[in-house]
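Input sequences plus hints: build the corresponding full structure.
These are the residues of each chain, in order.
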Amino acid sequence: MEIKDDNISAMCRPAIGEAGRTGDWRDSTPVIDPAKCIASLKNRPACYLCWLYCPEGVVITGNPIRIDLDYCKGCGICAEECPARAIAMVMHEEAKNE
Amino acid sequence: MPEKLFNVNQKEYILPGNRSCQGCGLSLAYRYILKALRENTIMTIPASCLTVLHGLYPTTSVNVPCLNCTFASTAASASGLVAGLAAMNRTDTTVVAMAGDGGTFDIGLQALSGAAERGTDFIYVCYDNEGYMNTGTQRSSATPIGALTTTTPVLTKQQNKKDMMKIMEAHDIPYLAMMSPSYPVDLYDKFVKAKRIKGTRYMQISAPCPPGWVFPPKDTVKLGRLAVETSVVVLYEIEDGKFRLTGRSKTLAEKGTRAPLVQYIEKQGRFKKMSMEQLGKMQKWVDGKWNEYLKRAEG
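Chains B and Z supply the protein sequences, listed in that same order. Just so we're on the same page, this note's numbering is the position in the first sequence counted from 1, plus 501. Just so we're on the same page, this note's numbering is the position in the second sequence counted from 1, plus 276.
Take the hints with a grain of salt, since some may be wrong.
As the list claims (entries may be wrong) - Using 30 Å as the maximum straight-line C-alpha spacing, the simulated DSSO-like pairs for lysine-lysine come out as follows:
(1) Z/287 with Z/469
(2) Z/471 with Z/549
(3) Z/280 with Z/471
(4) Z/518 with Z/560
(5) B/505 with Z/471
(6) Z/494 with B/537
(7) B/543 with Z/498
(8) Z/526 with Z/471
(9) Z/518 with Z/474
(10) Z/531 with Z/557
(11) Z/526 with Z/498
(12) Z/557 with Z/471
(13) B/537 with Z/543
(14) Z/280 with B/543
(15) Z/471 with Z/442
(16) Z/565 with Z/526
(17) Z/531 with Z/494
(18) Z/498 with Z/438
(19) Z/494 with Z/571
(20) B/537 with Z/498
(21) Z/474 with Z/526
(22) Z/494 with Z/438
(23) Z/565 with Z/549
(24) B/543 with Z/494
(25) Z/280 with B/537
(26) B/505 with Z/494
(27) Z/471 with Z/518
(28) Z/471 with Z/498
(29) Z/280 with Z/474
(30) Z/287 with B/537
(31) Z/565 with Z/531
(32) B/543 with Z/287
(33) Z/438 with Z/280
Worth flagging that the hints you see were computed from the coordinates, not collected in a lab. The model shown is predicted, which means the values in this text are computed figures rather than measured ones.
Below you can see the structure in the form of structure tokens.
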């Protein structure tokens, strides 16, 4: 894939977490309730609107749906767009887990 | 929508942990642009929010080759890339120039007009967040009437938005489209279509900007949807001169039920000093455009 070219000097390389762990920007954390989530209830790939509308692409589809909390900036679009209202934005969730 | 959703390319080209703001409309749109264009794409971008998203040397958060160029030369650098690729016989690569509304409506206009006139084979994407958001919300010619910006802090902007789609249409290019990130499948389909067409293609995306438009980041998708419901943003495409309304705008045209403009205005802090007179002027402008589109869609 990578071709070495002496003419190229300042070239960036792709890296995850270019701006650091952007999960630190978050003040409230999305928590998915599997009792309400349509994909979990139907037990097959369904709905996935949280994945569709996530600007970061940190929603991992599957069963159950997971969110990469290391990089989720906590904008709350998934909670707002969930048709089943299965996602809640919980304040200080991290502090509770530690 | 869900059935169509599973046909969308599952691969992510934007890596997590980039520098875009919470709830960025551009980031959401860009995810689907790259999903639709896939590999064999070269981006060229001027100074804009997109450069911020792409990141600082020596790392980048996007898995696609990208050239950073100066503000006024986006389309010119794309022309150079196209010529270079042609010389190397690499005709399967798509060149995409992407700039904000400042880099398209104001600063990059002459380079874009030149490239469109030469019929350069590339896709030009303008993500329109209605101001110079990267440098701190200055007024651009895409800013709507009545909006507060840091360069119109007291009296708000006095003029209506420039109709860039009309300017580009006048160049007789094969494909133009207007999109919103709140309708990602519509956006995805248009980019898949644009990739197959040869010649200059101009795509404009209305990208809601939470810090610039002053609204909570969770409402990005909602606001984009409201813009379409009130027909401030109309989803359409012009293919070889043939005008076609698409997606939600097509449904709105068939039903004839548009929401009043005030629903869109009241959600945004940037319109808090808008006068009733300006609201009336903007509603008239929006209605005029909508009727024009309806007439064109009919025949």
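Status of each hint after checking the structure:
Distance restraint check for residue 287 of chain Z and residue 469 of chain Z: the Cα-Cα separation of roughly 19 Å lies within the 30 Å cut-off, and the hinted pair is therefore satisfied. Only pairs whose Cα atoms come within 30 Å are accepted, and residue 471 of chain Z paired with residue 549 of chain Z is rejected, the gap being roughly 42 Å. Distance check on the hinted pair: residue 280 of chain Z and residue 471 of chain Z sit about 19 Å apart at the alpha-carbon level, within 30 Å; holds. Proposed proximity of residue 518 of chain Z and residue 560 of chain Z is supported: the alpha carbons are some 26 Å apart, at most 30 Å.
Pair hint residue 505 of chain B plus residue 471 of chain Z holds up; C-alpha atoms about 28 Å apart against a cutoff of 30 Å. Between residue 494 of chain Z and residue 537 of chain B the alpha-carbon distance is near 20 Å, which keeps this suggested pair within the 30 Å criterion. This hinted pair checks out: residue 543 of chain B and residue 498 of chain Z have alpha carbons roughly 26 Å apart, not beyond 30 Å. The suggested pairing of residue 526 of chain Z with residue 471 of chain Z holds, with an alpha-carbon distance near 23 Å, which does not exceed 30 Å.
For a cut-off of 30 Å, the pair hint linking residue 518 of chain Z to residue 474 of chain Z stands: about 16 Å separates their Cα positions. Our distance criterion of 30 Å between C-alpha atoms is met by residue 531 of chain Z and residue 557 of chain Z, whose separation comes to about 25 Å. Pair hint residue 526 of chain Z plus residue 498 of chain Z holds up; C-alpha atoms about 19 Å apart against a cutoff of 30 Å. Among the hinted pairs, residue 557 of chain Z with residue 471 of chain Z is inconsistent with the structure: their alpha-carbon atoms are about 38 Å apart, more than 30 Å.
Proximity of residue 537 of chain B to residue 543 of chain Z is assessed by CA-CA distance (about 29 Å); at most 30 Å being required, the pair is judged to hold. Restraint check for residue 280 of chain Z and residue 543 of chain B: satisfied, since their Cα atoms lie roughly 18 Å apart, inside the 30 Å limit. With a C-alpha separation of about 22 Å, the suggested pairing of residue 471 of chain Z with residue 442 of chain Z holds against the 30 Å cut-off. The straight-line distance between the Cα atoms of residue 565 of chain Z and residue 526 of chain Z is roughly 15 Å, inside the 30 Å bound, and the hint therefore holds.
For the hint pairing residue 531 of chain Z with residue 494 of chain Z, the CA-to-CA distance comes to about 29 Å; that is within 30 Å, so the pair holds. Taking the CA atoms of residue 498 of chain Z and residue 438 of chain Z, the gap is near 24 Å; set against the 30 Å cutoff, the hint holds. With a C-alpha separation of about 36 Å, the suggested pair residue 494 of chain Z and residue 571 of chain Z falls outside the 30 Å cut-off, and the hint is violated. In summary, the hint linking residue 537 of chain B to residue 498 of chain Z is supported, as the alpha carbons are separated by about 22 Å, within the 30 Å threshold.
Between residue 474 of chain Z and residue 526 of chain Z the alpha-carbon distance is near 26 Å, which keeps this suggested pair within the 30 Å criterion. Of the pairs offered as hints, the one joining residue 494 of chain Z and residue 438 of chain Z holds, with about 28 Å between alpha carbons and a cut-off of 30 Å not exceeded. The suggested pairing of residue 565 of chain Z with residue 549 of chain Z holds, with an alpha-carbon distance near 24 Å, which does not exceed 30 Å. Distance hint between residue 543 of chain B and residue 494 of chain Z is fulfilled; the C-alpha atoms sit about 27 Å from each other, no more than 30 Å.
For the hint linking residue 280 of chain Z to residue 537 of chain B, the alpha-carbon distance of about 23 Å falls within 30 Å, and the restraint holds. Distance check on the hinted pair: residue 505 of chain B and residue 494 of chain Z sit about 43 Å apart at the alpha-carbon level, beyond 30 Å; violated. As the CA atoms of residue 471 of chain Z and residue 518 of chain Z are separated by approximately 18 Å, the hinted pair is consistent with the 30 Å bound. In summary, the hint linking residue 471 of chain Z to residue 498 of chain Z is supported, as the alpha carbons are separated by about 28 Å, within the 30 Å threshold.
Simply put, residue 280 of chain Z and residue 474 of chain Z have alpha-carbon atoms about 26 Å apart, close enough for the 30 Å limit, and the pair holds. Pair hint residue 287 of chain Z plus residue 537 of chain B holds up; C-alpha atoms about 27 Å apart against a cutoff of 30 Å. Distance restraint check for residue 565 of chain Z and residue 531 of chain Z: the Cα-Cα separation of roughly 18 Å lies within the 30 Å cut-off, and the hinted pair is therefore satisfied. Among the hinted pairs, residue 543 of chain B with residue 287 of chain Z is consistent with the structure: their alpha-carbon atoms are about 24 Å apart, no more than 30 Å.
Distance hint between residue 438 of chain Z and residue 280 of chain Z is unfulfilled; the C-alpha atoms sit about 34 Å from each other, more than 30 Å.
Of the numbered hints given earlier, the model fails hints 2, 12, 19, 26, 33; all others are met.
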